[in-house]
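> Sequence:
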Amino acid sequence: MTHTTHAQRTAIVTGAARGIGAAVARRLAGEGLAVGVIDLAEADCADTVEAITRVGGAALAVAADVADEAAVTAAVARIATELGPPTVLVNNAGIGPRADLVEMTTQQWDTVLGTNLRGSFLAARAVSPHMISAGWGRIVNMSSISAVGDAGRVDYASAKAGLIGFTKSLALQLGPHGVTANAIAPGFVVSDMTRASARRLGLSFEEYRRRAEQSIPVGRVGRPDDIAHTASFLVSPEAGFVSGQVIYVAGGPVD
1 MTHTTHAQRT AIVTGAARGI GAAVARRLAG EGLAVGVIDL AEADCADTVE
51 AITRVGGAAL AVAADVADEA AVTAAVARIA TELGPPTVLV NNAGIGPRAD
101 LVEMTTQQWD TVLGTNLRGS FLAARAVSPH MISAGWGRIV NMSSISAVGD
151 AGRVDYASAK AGLIGFTKSL ALQLGPHGVT ANAIAPGFVV SDMTRASARR
201 LGLSFEEYRR RAEQSIPVGR VGRPDDIAHT ASFLVSPEAG FVSGQVIYVA
251 GGPVD
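Residue numbers for the sequence shown follow the numbering used here, beginning at 1 and rising by one.
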């Protein structure tokens, strides 16, 4: 068995309707995993599921707000019943609106923390019993380079930093059960979120991207497939000695 082969395993990817989540779901399906695709609406996941099933993969779209405890519990139960007990979880769902601290509402803070941090906790809690029962599991939490500080998004930065502590704690707690937990911290990746950032700054996306490229040592911005490749390694059978780590996929070092 190579790291691109998974025997009868089921993965769950949250926020998988588009962007990074969709790329991760497609990559894992291509490596033999059945994939539960979770996003706010099943219809939003249609393109991801179709891309997987068109080439012979197995995928199931499930609607759930990851910040909703009952919805997450039900989604994981449905995926376990229809695809098989999940032993791979990629917590990708996230939002990151910008607002200055003095203008940020409590509701925005709660919503951002709810989606980015609480959602990862709820999904991990729901999936981990299946991993413990199997004696094997992989959890990947999507953090961000914003975890080291983001002047425009104190809520988002706090959630993404919290995910790093959450990841390391999961690695300590679940390691004895054969479960690893790691975090990926992407830099600038072409996505709906970076397109929205360009609009907020009054820039075309091409100009926003060009400016970003000038500050990235490898001279280009990231693509969703860059993150999917890293996730693929971390959930592979051969990555069993990698746990509690934060991998910055940002085209250069992050302070």
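There's no promise every hint is true.
Said to hold, decoys possible - The calculated label-pair distances, taken between Cβ atoms and stated as ranges, are:
| no. | residue 1 | residue 2 | range |
| --- | --- | --- | --- |
| 1 | G219 | T105 | 35 to 43 Å |
| 2 | D225 | G252 | 35 to 43 Å |
| 3 | P176 | E206 | 45 to 53 Å |
| 4 | G202 | M104 | 17 to 25 Å |
| 5 | D225 | A63 | 19 to 27 Å |
| 6 | D255 | G84 | 21 to 29 Å |
Rather than coming from a laboratory, the hints here were simulated on the basis of the structure. Bear in mind the structure is a predicted one, so any value in this text is a computation, not a measurement. Built from N, CA and C at the ideal position, the CB exists for glycine as well.
> For every hint, state whether the structure bears it out.
Evaluation of the provided hints:
no.	hint	in the structure
1	G219 / T105: 35 to 43 Å	holds, 39 Å
2	D225 / G252: 35 to 43 Å	violated, 18 Å
3	P176 / E206: 45 to 53 Å	holds, 50 Å
4	G202 / M104: 17 to 25 Å	holds, 21 Å
5	D225 / A63: 19 to 27 Å	holds, 25 Å
6	D255 / G84: 21 to 29 Å	violated, 42 Å
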